[in-house]
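**Student:** Listed here are the chains, written in short residue letters.
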Amino acid sequence: MNPKRHTFLEFCVEITGYPSVVLEGTGVVDLNQQLLEDVLGSTLIAKFYLLIETVLALSDASEREKRIRETVLPSPLFGPVVTNLIRLWYLGYWRELPDDWRQMTSRPKPGPTDAGRTHVPSELSYIEQLSYRTARAHPPGAKPTGFGSWSRQPL
Amino acid sequence: MQAESDDQKKFDVIIVGGGVCGALAAKKISAAGKSVLLLEAGTKEAMDPGQYDSFISRYYTMGATRGSPNGPYPPNNSALSPNDSNQDPYFVQVGPQQFLSDYLRMLGGTTLHWQGTSLRMLPVDFEMQTAYGRGTNWPITYDHLERFYREAEWEIGICANVEEQANLGVRFPPDYVYPMEKMPQSLVDQFFMRKLDHAEVDLFGKPYPLKVVSMPVARNATPNLRATGYTPVGSTADESVGQRCQGNSSCSPLCPVQAKYNALKTLAAALKTKDTHLEIRSQCVASKLRVNACSGRVTGVEYKEYSVRGKAEYTAKFVEGKVVVLAANAIENAVLMLASGVVDDSGQLGRNLMDHPFVVLRGLAPEPVYPFRGPDITSGVESLRDGRFREKHAAFRAGISNWGWVGEPTGSVESLIGRSQFGKAFREQLCDRMSRMVRLGVMIEQLPDADNRVTIDPARTDILGNYLPVLNYKYDDYSLDAAVAAIRTVWPTIVKHAGIEDTTDFSSVPGGSQSVFQQGLRFNVTGSGHLVGTHRMGHSADSSVVDTELRSWAHGNLYVIGSGSMVTIGTSNPTLTAAALSLRAAENILKTWRE
Chain A
-1 MNPKRHTFLE
9 FCVEITGYPS
19 VVLEGTGVVD
29 LNQQLLEDVL
39 GSTLIAKFYL
49 LIETVLALSD
59 ASEREKRIRE
69 TVLPSPLFGP
79 VVTNLIRLWY
89 LGYWRELPDD
99 WRQMTSRPKP
109 GPTDAGRTHV
119 PSELSYIEQL
129 SYRTARAHPP
139 GAKPTGFGSW
149 SRQPL
Chain B
703 MQAESDDQKK
713 FDVIIVGGGV
723 CGALAAKKIS
733 AAGKSVLLLE
743 AGTKEAMDPG
753 QYDSFISRYY
763 TMGATRGSPN
773 GPYPPNNSAL
783 SPNDSNQDPY
793 FVQVGPQQFL
803 SDYLRMLGGT
813 TLHWQGTSLR
823 MLPVDFEMQT
833 AYGRGTNWPI
843 TYDHLERFYR
853 EAEWEIGICA
863 NVEEQANLGV
873 RFPPDYVYPM
883 EKMPQSLVDQ
893 FFMRKLDHAE
903 VDLFGKPYPL
913 KVVSMPVARN
923 ATPNLRATGY
933 TPVGSTADES
943 VGQRCQGNSS
953 CSPLCPVQAK
963 YNALKTLAAA
973 LKTKDTHLEI
983 RSQCVASKLR
993 VNACSGRVTG
1003 VEYKEYSVRG
1013 KAEYTAKFVE
1023 GKVVVLAANA
1033 IENAVLMLAS
1043 GVVDDSGQLG
1053 RNLMDHPFVV
1063 LRGLAPEPVY
1073 PFRGPDITSG
1083 VESLRDGRFR
1093 EKHAAFRAGI
1103 SNWGWVGEPT
1113 GSVESLIGRS
1123 QFGKAFREQL
1133 CDRMSRMVRL
1143 GVMIEQLPDA
1153 DNRVTIDPAR
1163 TDILGNYLPV
1173 LNYKYDDYSL
1183 DAAVAAIRTV
1193 WPTIVKHAGI
1203 EDTTDFSSVP
1213 GGSQSVFQQG
1223 LRFNVTGSGH
1233 LVGTHRMGHS
1243 ADSSVVDTEL
1253 RSWAHGNLYV
1263 IGSGSMVTIG
1273 TSNPTLTAAA
1283 LSLRAAENIL
1293 KTWRE
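Chains A and B, in that order, give the protein sequences. The first sequence runs contiguously to residue 153 in this note's numbering. The second sequence runs contiguously to residue 1297 in this note's numbering.
To be clear, the hints were calculated from the coordinates, so they are not data collected in a lab. Each hint can be trusted.
Which residues of chain B face chain A? A few of them, derived with a C-beta cut under 7 Å, are: (1) Ser759; (2) Tyr762; (3) Pro886; (4) Arg946; (5) Cys947; (6) Gly949; (7) Ser952; (8) Phe1074; (9) Ile1119; (10) Gly1125; (11) Lys1126; (12) Cys1133.
So the derived label-pair ranges between C-beta atoms look like this: (13) A/Met102 <-> B/Arg1190: 46 to 54 Å; (14) A/Lys45 <-> B/Arg1190: 55 to 63 Å; (15) A/Thr41 <-> B/Met895: 54 to 62 Å; (16) A/Pro152 <-> B/Asp1244: 56 to 64 Å; (17) B/Ala971 <-> A/Glu94: 45 to 53 Å; (18) B/Glu1116 <-> A/Leu48: 27 to 35 Å; (19) A/His4 <-> B/Ser1210: 37 to 45 Å; (20) B/Pro791 <-> A/Glu68: 44 to 52 Å; (21) B/Ser1242 <-> A/Pro152: 51 to 59 Å.
Heads up, the beta-carbon is just placed ideally off N, CA and C, and yes, glycines get one too.
Construct all of the structure, not just a fragment, from the sequences and the given hints.
**Tutor:** This is the structure:
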């Protein structure tokens, strides 16, 4: 198992607002982590893990929230990465990082099959996106709720 | 290149087009023992369960273009569809406005991505000139078509409530029931039914209630116990699947379980008949009708058969038929007739193209109504489908969407990201917003206008050398004034009664829409995918393309069926009327044989 899997998962709990049991239940934790590692490359991902470990080391939830708001999101280097992770979880797709981020990091422009391109990584990414679940609905064309369920309050 | 007959077989009937109208006619005519050849321009991939599943996979992973009705279906340069996911535009748009509707050229046709709404036209819709001095009267009345509406409703499989439709002015014979009970109405519908119970609007000094009525749809529901002998028809891949709508919330662009009707079901049933007389040839684009110059009779159809989807290589072929039926839709039928030099003394061929101009209104309900669940439309505000106001402006109806706002959930997620939200607060705000989204789609009647037309241009052809449709199209004051009434009078009344926060925004024009300006109001209009007119039926060869039997005035063995034959569009989605007309034409074709 990836030694940083737990770190990654716990940070995703912080940014998505969902408990780890729900994120695990999607089945895309490993896929999302692998995608992130591929996009960032070994040097940047190591820095990223160091940064989020400082967040996760805080025992108080509001302190962690504050650190993310004041340190992580405003970071020119990792802010766009974290918002992309929110997109990945909630919308099931990865958006290509902007040009100025690439210039800053010297990362190459992703090619048509590279992890960093704008794309839906897998069918599961679409099916398990958190947005519809959050609205107590389901993604169109997947996880149907059963005949007549729409006429009642969601479960 | 003059192609010779590709086989010795001469068919009783050749049908061009494998959508709902062609399929219904093919089934009925072949069941009577006549040999039928159905030519389909697109592929037959949807009939293959593995391929159908691949459309679903494509839908999941296609990202931003997912919302397009043709999105999941493989683009096909050999037989282009409007707005498919490749970059080649199909329509040549002359203007002044864009014709923003599409269709799908593939076996099964546009029923693969339709919403399934299956309203009958109102009796008065057939007599607009007499009743309101607008439009043109049909050469037949509602009562001529009523029996075929019933036949279509049972053949397609409609779930609906007779009483609710009768209250709108639709006439039924005593004791008639739809084959299935009405689709359960959504929580969103129930919200509007509660809030609009006493709501009414004033149009030209007359009050009209805003009545929420359940929607007849071609979607499997509970069989009506009073409708003996009806069994819902499941998926063509596996009949045990899709016996009920299971709430995939993706009717357009595709129903994963085919609980929603598509024309594949009718074709599959016809093919399954023992010793079937139906033959289907797909990837065969009809390019010209061959006409005997002396007799005026159509001798057969020239077509181009391509073996690889998207490639320019084809084999030119010709097949003979005693009767030829065009069922390729209002635009394709017109293109084929124009390409063939079909005689039309009326000058109406290709003219009177109609659609339902569509205006989207949206807001946030004061309480959660939990959209994004169930089939898109299970009810509508239907009480403005008729009234004296039609002397002044068009009638319209407002479908209540069960799918929240267009462009969601991306819109809300991006908005929250833009405000640096994350974690539990993000989750709570997203839930609050998405669960309260309501949207009405106002679908407006359009009058026949000779200047709204389909033409062809020898300089504009596809890779097979077939003509692209050249479209002249505009909205007139009659429709746009109705849009203004919907936006300025009806919507504010709904907003007030329901306590909705109005978030309708016409300041930018989303893709697939166009901006118009009427009575000092700027708003966005799009199309409804409803193709009507272009080969209107009528009493005389001077004023119409086909007679009341949908037979060409000039070519006695050529029938032109589907919604292109409709004289006016009314406020009902045209598929059910097109289907009824097609079944009526099929009966007439068989009657000719007996005579």
